[in-house]
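Chemist: Take a look at the letters that make up each chain.
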Amino acid sequence: MDTKRETPPPAAGRAGMKKELPEQFKDYRHVWVFIELERGQVHPVSFELLGEGRKLADKLGVELAGVVLGPPGEATWHAIAEAFAYGADLAYIVAAPLLEDYRNEPFTKAMTDLVVTYKPEILLLGATTLGRDLAGSVATTLLTGLTADSTELDVDTDGSLAATRPTFGGSLLCTIYTLNCRPQMATVRPRVMTMPQRMDKPIGRVIHHEVPMIEEEIVTKALGFLSDGQSSNANLAYADVVVAGGLGLGAAENLKLVKNLARAIGAEYGCSRPLVQKGWMPADRQIGQTGKTIRPKLYIAAGISGAIQHRVGVGGADLIVAINTDPNAPIFDFAHLGVVTDAIRFLPSLTEVFTHRLSPHSRDKLAN
Amino acid sequence: MHIVICIKQVPDSAQIRVHPVTNTIMRQGVPTIINPYDLFALEEALRLRDSHGGEVTVLTMGPPMAEDALRKALTYGADRAVLLTDRHFAGSDTLATSFALSQAVAKIGETFGAPDIVFTGKQTIDGDTAQVGPGIAKRLDLLQLTYVAKIVSIDLDASQITVERRSEGGTQTLMSRLPCLITMLEGTNEIRRGSLGDALRAARSQIVTWSAADAGIEDLTKCGLRGSPTVVKRVFAPTARAERAEQIDTSEKTPRDLADELIAGIFSRQPALEDELAFVGDD
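If you read the sequences in order, they're chains A and B.
Going by our numbering, the first residue of the first sequence is number 211, and it counts up by one from there.
Going by our numbering, the first residue of the second sequence is number 1352, and it counts up by one from there.
None of the hints are false.
Far from chain A, some chain B residues (derived; all Cβ distances over 12 Å):
#1 His1403
#2 Glu1461
#3 Gly1464
#4 Asp1467
#5 Leu1551
#6 Ala1553
Mimicking DSSO-like on lysine-lysine, the simulated pairs with C-alpha atoms at most 27 Å apart in a straight line are:
#7 A:Lys329 to A:Lys269
#8 A:Lys411 to A:Lys265
#9 A:Lys329 to A:Lys236
#10 A:Lys466 to B:Lys1604
#11 A:Lys265 to A:Lys236
#12 A:Lys411 to A:Lys329
#13 B:Lys1458 to B:Lys1573
#14 A:Lys329 to B:Lys1573
#15 A:Lys507 to A:Lys469
#16 A:Lys488 to A:Lys466
#17 A:Lys488 to A:Lys469
#18 A:Lys269 to A:Lys411
#19 B:Lys1501 to A:Lys488
#20 A:Lys431 to B:Lys1501
#21 B:Lys1604 to A:Lys469
#22 A:Lys265 to A:Lys507
#23 A:Lys329 to A:Lys265
#24 B:Lys1573 to A:Lys236
Derived by calculation from the structure, the hints in this document are not laboratory data.
Owing to the predicted nature of the structure, the values given are computational and were not obtained by experimental measurement.
Backbone N, C-alpha and C define an ideal beta-carbon position, used for all residues, glycine too.
With these hints in hand, go ahead and build the complete structure from the sequences.
Modeler: Now the structure itself:
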């Protein structure tokens, strides 16, 4: 529902004739990162964003702040300390019991209140279900621009945020600016940015902000939460080894070849977008721009052609292995190792040889 | 109950081609479809109507040809279709789009009855922002329920709704109040085959077509390019990696030989992996 993607203005069009920033936005300064705290845990994407926010703040010569919304208590104080450890100079905190479970109303109210009071020029959020729910509401309340799923963030010579994201189903990249509004908002998917080094820096300024809210005025009530548990696909984005299948597998039943290999080497498995659209695999196993972004040490893509939409989701992998029958498939443009062969025939052998090589028995023999 | 569902006509993205020299989208002949994510919301809307009674109004904003998407939605069983089309909407970003759609939803409310639920899909396959649903909710001051996997119950008398919502690492159960805006998660249902009666009705139906003025939009500065705080400054093709993949020679090799060679290649590039993989395998 975003018609801009259909008719982007010409590159030298409106963007070229940038108007001066309206007076009321001129004192908006500093870079903020929303620290996503849910059920006592900070989502790692918040730390990835702090790493990115640090670079932007340094370029602009401003401060980097983490924004923590949560109930008063140990987990919330810990989230602040972690924000400092990952590079924040200061933290804004709204601590209230009604921020225990994520709900759109109180979180939107707290965040917009903070923004209006302290005026950041840039606000970054993780493109999680929580972050996207919140970002859309906050941006609309503030009537400012929001760029979803940015894959690259930079500061232009005039200090504007340049947020780059894939567009047109991932065939092209576009760089988006928020011209005359503040803050400039962007979301970034988990794992798109590298995790910064954690520092031993537990100190920073903490600004407590009170937002008058009472539970009775919040319409939506959280009745319960059912965790996916440890064995779930939640691990895919942060897995060290990932095996994925694409249309080259030919049929839904051949996905077991991918799962077998994944099991043999202790990997998570996933798929490219067309397989989700065909209903062969659930959407939360999708790897790519509109699915999960992964940064494993080893990524094996079987029967995946490698459209940009997929590429941006796996580009951060240390080693990409591609198996595809088509020697001209775009995946060979960004894979490190390639095998031009039929994945359906090849995967069982690969699984077998891996299993043999990794079994304790054969390893003992090699050691002797 | 009255349900409004917002859909978008999108190019069938699998078939989009980029001109290799000019980096522009080659649109000619690309078929259009209803955004696939919207079909889950449409089916959910139709099911609610079937069980609670009432009407489903489908709304889209787009060029005149977007009427095709609305007619398709009618064949699935929607009761009414509204097309919001005006040159002033050209170049809208998500903020401007949510403004125009929210004005149209309000007008639909005035004309055909206030909606109890406004549905959207989770996101579109061309923009992929997931921002327009929340934008409409905020502008209409509707309670917002995103990534809904299941509508557990609706009590129309008490204006109460309970849903299961996808969140990070689990499912959240929320109780809220009507009217609300729901963005429906994919894979939650399957769009029905419309009946023959619906198909005939869809072909004959008059699509309600509104300009900005018809929808009661007075402030055109909130529409289209002028109403969009974001601008696309640069569109470009991604740069290729300097070198292509090192290909393993496949000639006259059995799959086993190939596997041996590939695994050797993996471990020579990432020596630490051999121990890590083995460790996992021993679990």
